[in-house]
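Position chain E relative to chain Y; hints supplied.
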Amino acid sequence: MQDMTSARFLTLLAVLLLVAGCLRKEEMQLTYAQRCLGCHGPTGRGDGPLTHALPARVPDFRDTVRDKTVFEIRGVIRQGSGVMPAFGPALENWQIQDMVRFVRILSMEGRTVEWWEKFEPFVWAHCTVPWQYVYGVERETKGGES
Amino acid sequence: MISPPGSRALAGALSAAALLVYFHSKGLAHDPVSGSSPGAAVRRTVNVPIGDFSLTDQDGQAFRFISLKGKVLLVTFFYTTCPDLCPLVTTSVRAVQKALNAWERDGTFFLSITTDPDVDVPAVLKSYAGRYGADLANWSFLTGEPRALAPVWKAFGVKVERKARGLVDHTLVTGLIDRKGVLRIVYHGAAPDAEKVLRDLRGLLASR
Numbered sequence: 311m312q313d314m315t316s317a318r319f320l321t322l323l324a325v326l327l328l329v330a331g332c333l334r335k336e337e338m339q340l341t342y343a344q345r346c347l348g349c350h351g352p353t354g355r356g357d358g359p360l361t362h363a364l365p366a367r368v369p370d371f372r373d374t375v376r377d378k379t380v381f382e383i384r385g386v387i388r389q390g391s392g393v394m395p396a397f398g399p400a401l402e403n404w405q406i407q408d409m410v411r412f413v414r415i416l417s418m419e420g421r422t423v424e425w426w427e428k429f430e431p432f433v434w435a436h437c438t439v440p441w442q443y444v445y446g447v448e449r450e451t452k453g454g455e456s
Numbered sequence: 011m012i013s014p015p016g017s018r019a020l021a022g023a024l025s026a027a028a029l030l031v032y033f034h035s036k037g038l039a040h041d042p043v044s045g046s047s048p049g050a051a052v053r054r055t056v057n058v059p060i061g062d063f064s065l066t067d068q069d070g071q072a073f074r075f076i077s078l079k080g081k082v083l084l085v086t087f088f089y090t091t092c093p094d095l096c097p098l099v100t101t102s103v104r105a106v107q108k109a110l111n112a113w114e115r116d117g118t119f120f121l122s123i124t125t126d127p128d129v130d131v132p133a134v135l136k137s138y139a140g141r142y143g144a145d146l147a148n149w150s151f152l153t154g155e156p157r158a159l160a161p162v163w164k165a166f167g168v169k170v171e172r173k174a175r176g177l178v179d180h181t182l183v184t185g186l187i188d189r190k191g192v193l194r195i196v197y198h199g200a201a202p203d204a205e206k207v208l209r210d211l212r213g214l215l216a217s218r
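Protein sequence lines correspond, in order, to chains Y and E. With the first letter of the first sequence counted as 1, position 137 gets the number 447 in our numbering; the numbers rise by one all the way through. With the first letter of the second sequence counted as 1, position 130 gets the number 140 in our numbering; the numbers rise by one all the way through.
Hints are computed from structural coordinates only; laboratory data are not their basis. A hint or two may mislead.
[To be verified] Reference listing, derived: stretches of chain E covered by chain Y, where coverage requires no fewer than 3 residues with Cβ under 8 Å from a Cβ of chain Y:
(1) 82–94
(2) 97–104
(3) 175–187
[Claimed, not checked] Derived coverage of chain Y by chain E (criterion: at least 3 residues anywhere in the stretch with Cβ under 8 Å from a Cβ of chain E; other residues may be distant):
(4) 343–357
(5) 361–367
(6) 389–403
Ideal Cβ placement from N, Cα and C applies to all residues, glycine included.
Okay, chain Y solo, but in the shape it has when bound:
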């Protein structure tokens, strides 16, 4: 009986997290498209339409975000860096958190992600970014052909 209750609770929690993730989809995409995409590009490779006019190279998230903590990423978004605007005065905390999440998810594309990293896209971006895109080739190969 105890096991049944725990299982139900965990199932309910999982469903709630997934629904919450779906509800964030619109805002995350919109915030990224409006504030970041021009320079960082649609997949965070630093290939946005404005990059050729910028005085500095825009980094690829895969090179720079991976080794940064959430606090460091949030700091750059809040305070700016070089010609990147400081979004702190304009955005609410939850919008900055959306940007941090989206940037981290984009930074996972094309590399093997650690098991703990898989929770973030699972919860926040399963509606936004295709699973294969986030988890890359490595996971599909391990999982076998379908």
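Structure of chain E alone, referenced to chain Y:
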């Protein structure tokens, strides 16, 4: 069945396409009003006297336009959280400022006027100026009440449309004003080339 690399590429392309659709449907911050792109700015010669106005600078001090009479002015319109062309404009102005010699610096002043006074309070402007290394001896970043800014925007032909907090559509205009307070040259639609601005500015400095 799609092979894993093909599947990944397809998924990647779909994601990119989805974001690009967003990008185009929501628009970059300058698109609807100016139709600007990061191409070359259009240069026009004009002859528009600019009336006096009062705003607030990055230190919270009152600023009067008339106090700069006798100097050549380079005026830009921007906002600090602008995610596209404003950083290029400020970079260009900074390059012009750095290129001036001592005599030219004495006769020149730079004004960057915000199009988003809700966000761009003096402390935010000061921080922005610091990030660009602006020499505030002859460069002021100005803000004010919307009712004080609106006539200034209008005088320079700048249309401003607020989309969200920290996201504003505005016409991208950079203007050169002569020593008599007359707007003489306007660069429109993109960040002006620093070399060309420097040439025009030196031309106005030379003419009495």
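A quick look at each hint next to the structure:
| no. | hint | in the structure |
| --- | --- | --- |
| 1 | 82–94 | holds (count 5) |
| 2 | 97–104 | holds (count 4) |
| 3 | 175–187 | holds (count 3) |
| 4 | 343–357 | holds (count 9) |
| 5 | 361–367 | holds (count 4) |
| 6 | 389–403 | holds (count 10) |
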